[in-house]
Amino acid sequence: MDVTRRDLLKLLAIAAASGIDPRRLEADDGPERLLEFEPLGNVTLLHVTDAHATTRPVFYREPDTLIGVGDERGKPPFVTGTEFLRAYHLAADTAAAYAYTSLDFSALAARYGRMGGYAHLATLVKRVRAERPGRTLLLDGGDTIQGSAVALWTRGEDMVRVSNELGVDVLTAHWEFVYGIDRVRELFGDRARTGLFAGDFVAHNVRELGWNDRVFRPYTIRRVGGVSVGVIGQAFPYTPVSHPRRFVPDLTFGIRQDGVQALVNELRDGRKADLIVLLSHNGISVDLKLAARVRGLDVILGGHTHDALPQPIVVGRTLVVNSGSHGKFLSRLDLDVRRGRVADHRYRLIPVLAHYVPEDAEMARLVRELRRPWESKLGERLAVSESLLYRRGNFNGTFDELILDALLKSFDAQVAFSPGFRWGVTILPGQEITLEDVYGHTALTYPNTWVRELAGREIHQIMEDVADNLFHPDPYYRQGGDMVRLGGLTYTIDPAKTLGRRISDIRIGGRPLEPARRYKAAGWASVATEADGPPAWDVVADHLRRLGRVKLDPRPRVRVV
Amino acid sequence: MKIAVRASRTMTRRTMLGTLGVIALAAASGTLTPPRRAGAQPLGLNESLDEAMTRVFGSRSIKDGGSLIKLDIPLIAENGAVVPVSVRVDSPMTPTSYVKHIYVVADKNRIPVVTRVTLTPAAGQAFMGANIRLGETGDVRAIVEQSDGTLWQVKREVKVTVGGCGG
Chain A
14 MDVTRRDLLK LLAIAAASGI DPRRLEADDG PERLLEFEPL GNVTLLHVTD
64 AHATTRPVFY REPDTLIGVG DERGKPPFVT GTEFLRAYHL AADTAAAYAY
114 TSLDFSALAA RYGRMGGYAH LATLVKRVRA ERPGRTLLLD GGDTIQGSAV
164 ALWTRGEDMV RVSNELGVDV LTAHWEFVYG IDRVRELFGD RARTGLFAGD
214 FVAHNVRELG WNDRVFRPYT IRRVGGVSVG VIGQAFPYTP VSHPRRFVPD
264 LTFGIRQDGV QALVNELRDG RKADLIVLLS HNGISVDLKL AARVRGLDVI
314 LGGHTHDALP QPIVVGRTLV VNSGSHGKFL SRLDLDVRRG RVADHRYRLI
364 PVLAHYVPED AEMARLVREL RRPWESKLGE RLAVSESLLY RRGNFNGTFD
414 ELILDALLKS FDAQVAFSPG FRWGVTILPG QEITLEDVYG HTALTYPNTW
464 VRELAGREIH QIMEDVADNL FHPDPYYRQG GDMVRLGGLT YTIDPAKTLG
514 RRISDIRIGG RPLEPARRYK AAGWASVATE ADGPPAWDVV ADHLRRLGRV
564 KLDPRPRVRV V
Chain B
18 MKIAVRASRT MTRRTMLGTL GVIALAAASG TLTPPRRAGA QPLGLNESLD
68 EAMTRVFGSR SIKDGGSLIK LDIPLIAENG AVVPVSVRVD SPMTPTSYVK
118 HIYVVADKNR IPVVTRVTLT PAAGQAFMGA NIRLGETGDV RAIVEQSDGT
168 LWQVKREVKV TVGGCGG
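Heads up: the sequence lines are chains A and B, in that order. Heads up: the first sequence begins at 14 in our numbering, then just goes up one per residue. Heads up: the second sequence begins at 18 in our numbering, then just goes up one per residue.
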């Protein structure tokens, strides 16, 4: 089911019915029209994921580089820019192009404005619930409570409260665990008790080391539209290796494909579920492989890799949905479920264009209330940017360059490392960078910086290791995230090669890397040992205060073969 | 740290903390094959995979055991120092035909042959579980020796990563 230009042009009626001023529509190229949805069947699944604690609307530029290896190359989800538009029959210079791609980002962002925000999201969710009473389930794939200063300072509480206000029915997790397992239990409960979260928290693949006991409920069954819906929770499988072990010291995760199959069978045969949904934080490639190997999954609602897919990818009988990030999108999947089978479906990845969707008053009030204690601190203006600053993409983004510059200068280092996170808001040319924006790239529970000497061969080894996490031909070996960001050096990468052979021509300060030589390196967000340098937000904020104005010339840092 | 013990609850912690990277080891029958002592493979030596395979199996051919052996091990180790592995072999366990040994071999380890479990028909099923140590990313093999001397193997890549950089 492709989204064609004609589909987009049919939207007027619904947008008008949703309470938007129809006079504005006529002059417009159709942002409101993206909200149209003709209902279908007996079940509506709404899906949000990877909000990364963006309670208010943000700019977030989708990647310009997203490389697939092997058979994945050049096909969705591994397409960006014009290739992306072509794959989904979308026109350039439209609201859709703005939402889904990085093309003309600054200009289109100025035209269409920020996206997401829980108050705007709440309006859309309420509309759907009003239109589909008793037939709607709202599912959240996690990475919800991390990514902002307020979430960090309230240890996730602000986001759980807005999720409750939004009426999230089911949630699974990844970054939630960086607040530590005890905090996760307080906020979300476990098998034995409930937490602050009002919905069901599910994660079949989180087990206690040793006896392998499940910590959380593996699934929940909800009855909507006369249909029994089984939702299995799949937390991010590689949580213990992607973050410091101390946050989940006695737990083991993993993909547990056999476990998914066993739960599908249990739900289908034992619990007589009509529809089986995997609420997943696997990442898109793992979801696609899992869909091909597990029988009986009707829908996978996925997140983690932040892919915004305008249409589900169909694998056998499984619909694989991935719903982007940062609150930019609300996925709506209408299903006609008959006799335990999906007879028909209709889908739209609805862009939450804040200018075109009014705020929900109650949610807006809650968000304001939660932010109030911190507002003045967060609003500090550190610098003005003349350049477009973003993080997302397989290799260094411009905001990463800023972080790396801050590390290199503050510690007088030759090489700097910054993690290839996929979260982090975008700053437009001419925009002020606030302290809140800096936290939007650094707000985690292991923010400390480090400085140490590394041998050339160690630097190379780290780069190879991370590249393998990103480009391993078997998705089950990937941790998600992007390539580690590097300052002070340039390199060539061939993603199609094998571990240890992808990276070549590493140069530090323009000179070839010497394996035995020791270099002064700096970084932050250490996973292995707890670092003792000042937190990254202080280092970056100080750097920006000193600069006053940010202007980044293009830096040809990575050559991709 | 908790130590994983499967199929046997009778072991003491000390029994499990064996040498040569075998931290816990239990056979399905509940009988325990003690870890091999340092005398068999002196610590401090390096052995290449080829040397190890030749030493243990000589020039005998090893067949692909994909349809016979289920090797269960994480694809990415959560902690390279304690990697749970189990091997289950679909085989009769009768006096005339049974699985005699299960080997676990980590190609990139300093001493690749991590363990050898000896089974008898009395074990009832051909299964072993252990926690092993992996030095770096590489293949881990399960090699099965049947009572008639036939050798089968499966292998799987296990990543031991510096980690980090999640989305």
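Derived from the structure by calculation, the hints contain no laboratory data. Check each hint, because a few of them may be wrong.
Stated by the list, open to error - If the Cβ cut is set under 7 Å, some of the chain A residues that face chain B in the computed set are:
(1) 166
(2) 182
(3) 254
(4) 423
(5) 424
(6) 475
(7) 486
(8) 490
(9) 567
Stated by the list, open to error - Here are the simulated BS3-like cross-link-like pairs (lysine-lysine), alpha carbons at most 25 Å apart as the crow flies:
(10) A:302 x B:172
(11) B:125 x B:80
(12) A:510 x B:172
(13) B:80 x A:510
(14) B:125 x B:87
(15) B:117 x B:172
(16) B:117 x B:87
(17) A:422 x A:533
(18) B:80 x B:172
(19) B:117 x B:80
(20) A:302 x A:564
(21) B:87 x A:302
To be verified - Beyond 10 Å from chain B on every Cβ pair, some chain A residues (computed):
(22) 253
(23) 466
(24) 540
Computed from a prediction, not measured in an experiment: that's the story for all the values here. Just so it is clear, CB atoms sit at the ideal spot from N, CA and C, and this is done for glycine as well.
A quick look at each hint next to the structure:
Checking residue 166 (chain A) against chain B by beta carbon gives a least distance of about 21 Å; that is not within 7 Å, so the hint is violated. For residue 182 (chain A), the interface hint is violated, since its Cβ never comes within 7 Å of a Cβ in chain B; the closest pair sits about 24 Å apart. The criterion of a C-beta within 7 Å of any C-beta in chain B is met by residue 254 (chain A), whose closest approach is roughly 4 Å, and the hint holds. For residue 423 (chain A), the interface hint is violated, since its Cβ never comes within 7 Å of a Cβ in chain B; the closest pair sits about 21 Å apart.
Taking 7 Å as the C-beta cut-off, the interface hint given for residue 424 (chain A) is violated, the closest approach to chain B being about 19 Å. Hint status for residue 475 (chain A) relative to chain B: holds, with the closest Cβ pair at about 6 Å, below 7 Å. The interface hint given for residue 486 (chain A) is broken, as the beta carbon of that residue sits about 10 Å from the closest beta carbon of chain B, more than 7 Å. Checking residue 490 (chain A) against chain B by beta carbon gives a least distance of about 5 Å; that is within 7 Å, so the hint holds.
Hint status for residue 567 (chain A) relative to chain B: violated, with the closest Cβ pair at about 24 Å, above 7 Å. For the suggested pair residue 302 (chain A) and residue 172 (chain B), the alpha carbons sit about 20 Å apart, so the restraint of at most 25 Å is met. Distance check on the hinted pair: residue 125 (chain B) and residue 80 (chain B) sit about 21 Å apart at the alpha-carbon level, within 25 Å; holds. With a C-alpha separation of about 21 Å, the suggested pairing of residue 510 (chain A) with residue 172 (chain B) holds against the 25 Å cut-off.
Restraint check: the Cα-Cα separation between residue 80 (chain B) and residue 510 (chain A) comes to about 29 Å, which exceeds 25 Å; the hinted pair is violated. Proposed proximity of residue 125 (chain B) and residue 87 (chain B) is supported: the alpha carbons are some 21 Å apart, at most 25 Å. Under the criterion of a C-alpha separation no larger than 25 Å, the hint pairing residue 117 (chain B) with residue 172 (chain B) is consistent with the structure, at around 19 Å. A threshold of 25 Å between alpha carbons decides the hint, and for residue 117 (chain B) with residue 87 (chain B) the separation of about 16 Å falls inside it, so the pair holds.
Distance restraint check for residue 422 (chain A) and residue 533 (chain A): the Cα-Cα separation of roughly 12 Å lies within the 25 Å cut-off, and the hinted pair is therefore satisfied. With a C-alpha separation of about 12 Å, the suggested pair residue 80 (chain B) and residue 172 (chain B) falls inside the 25 Å cut-off, and the hint holds. A C-alpha spacing of about 16 Å is found between residue 117 (chain B) and residue 80 (chain B), which places the hinted pair at or below 25 Å, so the restraint holds. A hinted pair counts as satisfied when its Cα atoms are at most 25 Å apart, and residue 302 (chain A) with residue 564 (chain A) does not qualify at roughly 42 Å.
Restraint check: the Cα-Cα separation between residue 87 (chain B) and residue 302 (chain A) comes to about 20 Å, which is no more than 25 Å; the hinted pair holds. Chain B draws residue 253 (chain A) into its interface by the beta-carbon criterion, the shortest separation being 4 Å against a cut-off of 10 Å. Against chain B, the non-interface label of residue 466 (chain A) holds: every CB pair exceeds 10 Å, the least being about 17 Å. The non-interface label for residue 540 (chain A) is inconsistent with chain B: the shortest C-beta to C-beta separation is roughly 4 Å, within 10 Å.
Checked against the numbered hints above, the structure violates hints 1, 2, 4, 5, 7, 9, 13, 20, 22, 24; every other hint is satisfied.
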